[in-house]
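K.L.:
With the hints as a guide, bring the two chains together.
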Amino acid sequence: MSSDRKAIFLTIVGPEKVIRAVSAMEKTEGLSVSPPKPVDSLADAVDSVLGPDEIKQLLEFATVTLEFGTAAIGFISALKTALASDDATTKPEVHVLNGRTNEEILIINEKTDEAAAKKAIESSAEK
Amino acid sequence: MIPILQFDPATLTLWYDTQLLAASRSSREVGLALHYAIDGQEDWLKCLVRQQHDQWVETRCASVASAVWHEKRHFLDFVLTNYGAMRVRQFFQIYVNLRTFLGITQQHGPILVPLDRSLDPDRCAMMNVAINDPDLKKLALFVEKSKSMILDDRRPAPSRFGGIEIGGEAIFECIAYHLQLGKVHRVFGEDILGRVQNDNPSRRDIGLKYQWIYTVLKESGLLEAELVSDDVFLVRDEPLLPLLFAALAGRYYGQTQTRTESTSSYHPGERLASLIYHLGDRASEYARLSTMDAWDRVNLACSTIFGRSVLEEIDADYDQEEKRIEHYRKAKIDDDPLKAYEEFHELRGRFIRILKEDPGQILDQAKWSDEMVNRLHPFVVCAAPAGVIGTPPTGFSRLSGYSHPETDYEAVPDARWWWSAMRDESELEENDSRLRLRHQRTWIDVVSDLAPMAKLLIDGNRMRSMVGPEISAVKIRIERQTGVSLVVDPLSRHPAEKMDISHWYYITGRDRFRCQVTHRIVRAPHGRMLGPWDVRRRPAFREALLGYLKGGMRQRMLLATWRDWSPWLVCDEIGEIFDATPLEHSVFS
Numbered sequence: 000m001s002s003d004r005k006a007i008f009l010t011i012v013g014p015e016k017v018i019r020a021v022s023a024m025e026k027t028e029g030l031s032v033s034p035p036k037p038v039d040s041l042a043d044a045v046d047s048v049l050g051p052d053e054i055k056q057l058l059e060f061a062t063v064t065l066e067f068g069t070a071a072i073g074f075i076s077a078l079k080t081a082l083a084s085d086d087a088t089t090k091p092e093v094h095v096l097n098g099r100t101n102e103e104i105l106i107i108n109e110k111t112d113e114a115a116a117k118k119a120i121e122s123s124a125e126k
Numbered sequence: 000m001i002p003i004l005q006f007d008p009a010t011l012t013l014w015y016d017t018q019l020l021a022a023s024r025s026s027r028e029v030g031l032a033l034h035y036a037i038d039g040q041e042d043w044l045k046c047l048v049r050q051q052h053d054q055w056v057e058t059r060c061a062s063v064a065s066a067v068w069h070e071k072r073h074f075l076d077f078v079l080t081n082y083g084a085m086r087v088r089q090f091f092q093i094y095v096n097l098r099t100f101l102g103i104t105q106q107h108g109p110i111l112v113p114l115d116r117s118l119d120p121d122r123c124a125m126m127n128v129a130i131n132d133p134d135l136k137k138l139a140l141f142v143e144k145s146k147s148m149i150l151d152d153r154r155p156a157p158s159r160f161g162g163i164e165i166g167g168e169a170i171f172e173c174i175a176y177h178l179q180l181g182k183v184h185r186v187f188g189e190d191i192l193g194r195v196q197n198d199n200p201s202r203r204d205i206g207l208k209y210q211w212i213y214t215v216l217k218e219s220g221l222l223e224a225e226l227v228s229d230d231v232f233l234v235r236d237e238p239l240l241p242l243l244f245a246a247l248a249g250r251y252y253g254q255t256q257t258r259t260e261s262t263s264s265y266h267p268g269e270r271l272a273s274l275i276y277h278l279g280d281r282a283s284e285y286a287r288l289s290t291m292d293a294w295d296r297v298n299l300a301c302s303t304i305f306g307r308s309v310l311e312e313i314d315a316d317y318d319q320e321e322k323r324i325e326h327y328r329k330a331k332i333d334d335d336p337l338k339a340y341e342e343f344h345e346l347r348g349r350f351i352r353i354l355k356e357d358p359g360q361i362l363d364q365a366k367w368s369d370e371m372v373n374r375l376h377p378f379v380v381c382a383a384p385a386g387v388i389g390t391p392p393t394g395f396s397r398l399s400g401y402s403h404p405e406t407d408y409e410a411v412p413d414a415r416w417w418w419s420a421m422r423d424e425s426e427l428e429e430n431d432s433r434l435r436l437r438h439q440r441t442w443i444d445v446v447s448d449l450a451p452m453a454k455l456l457i458d459g460n461r462m463r464s465m466v467g468p469e470i471s472a473v474k475i476r477i478e479r480q481t482g483v484s485l486v487v488d489p490l491s492r493h494p495a496e497k498m499d500i501s502h503w504y505y506i507t508g509r510d511r512f513r514c515q516v517t518h519r520i521v522r523a524p525h526g527r528m529l530g531p532w533d534v535r536r537r538p539a540f541r542e543a544l545l546g547y548l549k550g551g552m553r554q555r556m557l558l559a560t561w562r563d564w565s566p567w568l569v570c571d572e573i574g575e576i577f578d579a580t581p582l583e584h585s586v587f588s
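Residue numbers (numbering that gives the first Met the number 0), protein chains in the order written: chain A, 0 to 126; chain B, 0 to 588.
Chain B on its own, in the form it takes in the complex (with noise of 0.2 Å):
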């Protein structure tokens, strides 16, 4: 799958895809579409959409607003909720930790990454490495604590649709995608709605990640839905936001849980099903409740279940951030994630008063959309993955990409470029009535260096990334500043790729394309789509590549080979010349 628009837990960022969505038709309109909803401009986006005569684009334009406003939901979330907040806390728990980690390795032989890796000693015999300082095994063990918590949170339960995830993040979703359709109703009618909601070539795989929630609350007669065709829901959903949030409160930082044989307070799925076997004995009255009075019951469900109302759940979860924060200030740790971790805990304060002055606002699908979402304002990120020869636009602040040192760039200008930058935002006002973290150079610091250091920890390369190189690049300068040497783990050494031209053409709106390889018009359904990975796992193919090409188109070639991080879109002939060259295991090592 191709990404046009991402939310990084990992900093609290909105990234999307600049290059990707300049290639699709009508890329002015449906561009302007992802910026008027980034920014709240909903008169100018209504406007925008209503000039369309031509279906597709009038469809995409919401459609891609509406992903918006998805994303900007699971910013919220992550902020707020005490499953979101401990999701972030674990990347900001390695950001602490990061200048010991470099500080210890200097000393330290070859060291595995995916650090949890290396507390497996028949992988470390494998790799010819070995961890030796307590503090290195301590991260290493957070590491593999974190990932496991995460897995026992999305391993799918088993229903008659198959395994289906019920965990935190499943039900994020649940609730973005709720909230995204509910506004894209409210700001473009119903005809609009169906066709973005058919704007998907995988409406089954839809149903199943977005919508299992509905089946699970029907059938449990806690929300009244019907299944109106094959996979559109008419539901009335006041009742339905407090009780996914109550899920969401999970109680961490080691303390004590609540557990019977009906109930844990612990994980998101565990809770949710200990409050649906609760509320079962009156569920039709639970159905028919107002969003409000379905937030009073939840609270008192959670009293009575798990001992502690959902508001006093997030209360307690906030204290013990704030814990947290002051342990770090008296470590005396790392001024910059110390700084971005008080902002995220400003921000949430925020939140969680906003949740209790009025909770419509986060929990009413139609406050929500009216009052709330336009407020919301994560930082964003545009990506180009193909890089971009230059500095990027006025109004950005690069994060990543390259320059040659030494070079006049006015004579060169292909040996500098950018793959990452950073809409730049104003300060925040005293009275701003944005949603937002404050400032944002504490956050470029987060995006440029501290999140690519901390995923070459937990995922080594297998993390996904709009942009390849920027785990990567992290990596070579650890191995630079440190003089240790870094062994990416041979499962993690590149994400796995599933590159399906059909997803580029439905993506795009288009039905054609030039082959990079030999600039031939190549029309729908053929063509190939080449990973970035994949095509640098396979040297060969450059080399032919190369190889094939004189003088100056030789360079350019081979400086676009170290800059383009995107798919590589090609004909058939050349996809089966790339099938062809054998792959070469240890690149990325």
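Isolated chain A, as found in the complex (with noise of 0.2 Å):
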């Protein structure tokens, strides 16, 4: 995780809706969340039938800069509530990755415990 004692840039993972829904919320003091994007560009090589095969989840991801102290306990929150109001049958996660070298802190879903969650986010930066 980048810090430069201003910013933490993570980078967040999931499903399109959580994110979107994630993007769209205010920026606040200390928060931005970018526009949500693809992961994939989803324009690879068309494979053959033969063998085994998987359906692929459209993800998409954010950037997200914080600083340190309460924004990072709003985002949080405001992850879990996205990932709370989506009625999949299978409930999402999110997939909260260092920004810059994509290492993966912690995945959060709608029970993650948000002090646990903003210390793991901010020892990783501390690294």
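A couple of the hints might just be wrong.
Claimed, not checked - Between beta-carbon pairs, the in silico distance windows are: (1) B:D229 with A:E125: 51 to 59 Å; (2) A:I72 with B:L233: 57 to 65 Å; (3) B:A543 with A:T27: 43 to 51 Å; (4) B:Y401 with A:I72: 49 to 57 Å; (5) A:E28 with B:Y401: 51 to 59 Å; (6) A:I72 with B:E260: 40 to 48 Å; (7) A:A115 with B:E575: 28 to 36 Å; (8) A:G68 with B:A559: 33 to 41 Å; (9) B:D53 with A:K90: 42 to 50 Å; (10) B:E325 with A:G68: 54 to 62 Å; (11) B:P581 with A:E125: 15 to 23 Å; (12) B:I475 with A:A115: 41 to 49 Å; (13) B:D578 with A:M24: 32 to 40 Å.
Unchecked claim - Just so you have them, the derived chain A footprint on chain B, three or more residues with Cβ under 8 Å: (14) 112–121; (15) 146–158; (16) 486–493.
To be clear, the hints were calculated from the coordinates, so they are not data collected in a lab. Using N, Cα and C, we set each Cβ at its ideal position, and we do this for glycine too.
P.N.:
Structure, rendered in structure tokens:
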């Protein structure tokens, strides 16, 4: 995680609906979320039927810029709200990654403890 | 998933993994089946399959041949249909701008790839880059718009089976799968058809991906289809392809769309829904039409609801494409991509003529099977992800590989290898019945240079490729040529690799392999398959391997780690050591 004492950069990856909901949240002091983008171009080669297949999930991502402190809690809370409002049968989750290295910090779902999540995010910034 | 055969829309080529085939049971027979199907040598193919006493070999030969027919249909649909041509054009738009891109980058600071990520100020701030040049920005905007279009097309629609794709790519898959099975039935008979259908461990996913259209159209009353077992349909398919083709005749090039509450002329999924709605009034009548009558009916339906018939939409699109090519000619665009696009346009013209003069060849399952598919000849690329020492065999031209400079290759044969090679094709004669692109030389340049560069700009290293280094090698080349630094976005530094050893056992039909590290025999279901990108992201694993070996063995392993981009097959113990070594996230940045 980047920390020049001003900003922590994260990448959040998850289902389109959830990421769009989080991206749409209003910019608040110490927190901004970029517009969502697809993770993959979906323009790669077309495989033959021969062989095991997988249904690809369409994932989107957003870049989150936040400052140490209360901004992290607000962000995690907004993420949990977006996850809880998704009516999918299997409850979705969002991967929170170090923006610069892509190292996974934690996975957030609607049951995630916010304080623990905040600690994980801020500790990884100090590495 | 480890693909054995692929169609690449960026280059219109058919790729096969020669090493995966060679590792298979009865590799000679399976390889022959592949080549007979590629060359349209159906009598030889039938002979080959009939001769097999082993049922696994018999089924697998038929499956591989049918996979080739599947990909050949993609070749036709990507060239002929408006949706397919749009997808191809997205690559060509980048190809024609590559020279400009390379010129601009020489004066520019570090650039973020995929290029559209450069439009995100937060992302740029994070990676300490910025995009200043207006032409670079324009190219980045184009990449962003293309991705957005494909995402709109591929967004799953809700259904009681979960989200299912119903867009252009999904329709392509339905068409290709339907026709491949039809041809298997015609060539090999019902028994082998049943076995080919079962020759896949992910039957449920197959159903969702390739057969959703039967369910949708059956429930709309537009297709007579019966589910005879869990996942096998019996279909009266005469009216099927005309309807799907009408859906693929979308309107692009910024043309005015027709949109009402119940219709949209734009994306294939929207067009399909519009047609289903419109034809629904007399659905049972449609379901009983012949292919030609159904084709007339959908053309009429499109005229009514969209203002243009299918053929008129195709003509309009082809006309726009002609204007686009003329614009490139006047702008004195780079010769190579222009030549390739002109050939694409020429071939598309041939397909359009066939669609107008004898539509059955494209829309009728039997006619397609008997008269058309064996005429189709996409260029063929032989991929060897592990690298093959030396030069490609006679009859193949190298596309990618490595030759260590100033080396006596007789003395050090390991210092030279190839990863991919295109099969040489003779010149196209004037009255040639083969349907293919004209000059192979033009397309060799597309495959070896233009496409990898474009893929880097579109998706960083993330776009899946049979040959891992084709994209990362081009990054190094661009940086050396221009002096610019291309920063790969952290999210796109490598493809998402999901390696499952059971896939390898299934594809090869083998029940054992020799661990590539310990050389011990590993028997199914044991063993691990390590992705080539994952191996390189764990440099400590490689160092441990090299540290264990001495002298010549060490040197060979070092060369192998540079050369071998195939998945590594290892025993469980080595797999555990691999899992325990830390990931280095900055590799491939």
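K.L.:
Work down the list of hints and note, for each, if the structure agrees.
P.N.:
Evaluation of the provided hints:
1. B:D229 with A:E125: 51 to 59 Å: holds, 54 Å
2. A:I72 with B:L233: 57 to 65 Å: With Cβ atoms ~58 Å apart, the hint holds.
3. B:A543 with A:T27: 43 to 51 Å: holds, 47 Å
4. B:Y401 with A:I72: 49 to 57 Å: holds, 52 Å
5. A:E28 with B:Y401: 51 to 59 Å: Since E28 (chain A) and Y401 (chain B) have Cβ atoms about 53 Å apart, the given range 51 to 59 Å holds.
6. A:I72 with B:E260: 40 to 48 Å: Since I72 (chain A) and E260 (chain B) have Cβ atoms about 44 Å apart, the given range 40 to 48 Å holds.
7. A:A115 with B:E575: 28 to 36 Å: holds, 29 Å
8. A:G68 with B:A559: 33 to 41 Å: violated, 50 Å
9. B:D53 with A:K90: 42 to 50 Å: Since the Cβ atoms of D53 (chain B) and K90 (chain A) sit about 47 Å apart, the hinted range of 42 to 50 Å holds.
10. B:E325 with A:G68: 54 to 62 Å: With Cβ atoms ~59 Å apart, the hint holds.
11. B:P581 with A:E125: 15 to 23 Å: Between P581 (chain B) and E125 (chain A), where Cβ atoms are some 19 Å apart, the hint holds.
12. B:I475 with A:A115: 41 to 49 Å: For A115 (chain A) against I475 (chain B), whose Cβ atoms are near 42 Å apart, the range 41 to 49 Å holds.
13. B:D578 with A:M24: 32 to 40 Å: holds, 37 Å
14. 112–121: Answer holds; 6 residues pass the 8 Å Cβ test.
15. 146–158: This one holds; 7 residues, not fewer than the three required, reach chain A with a Cβ under 8 Å.
16. 486–493: holds (count 3)
Going down the numbered hints, you'll see the structure goes against just number 8.
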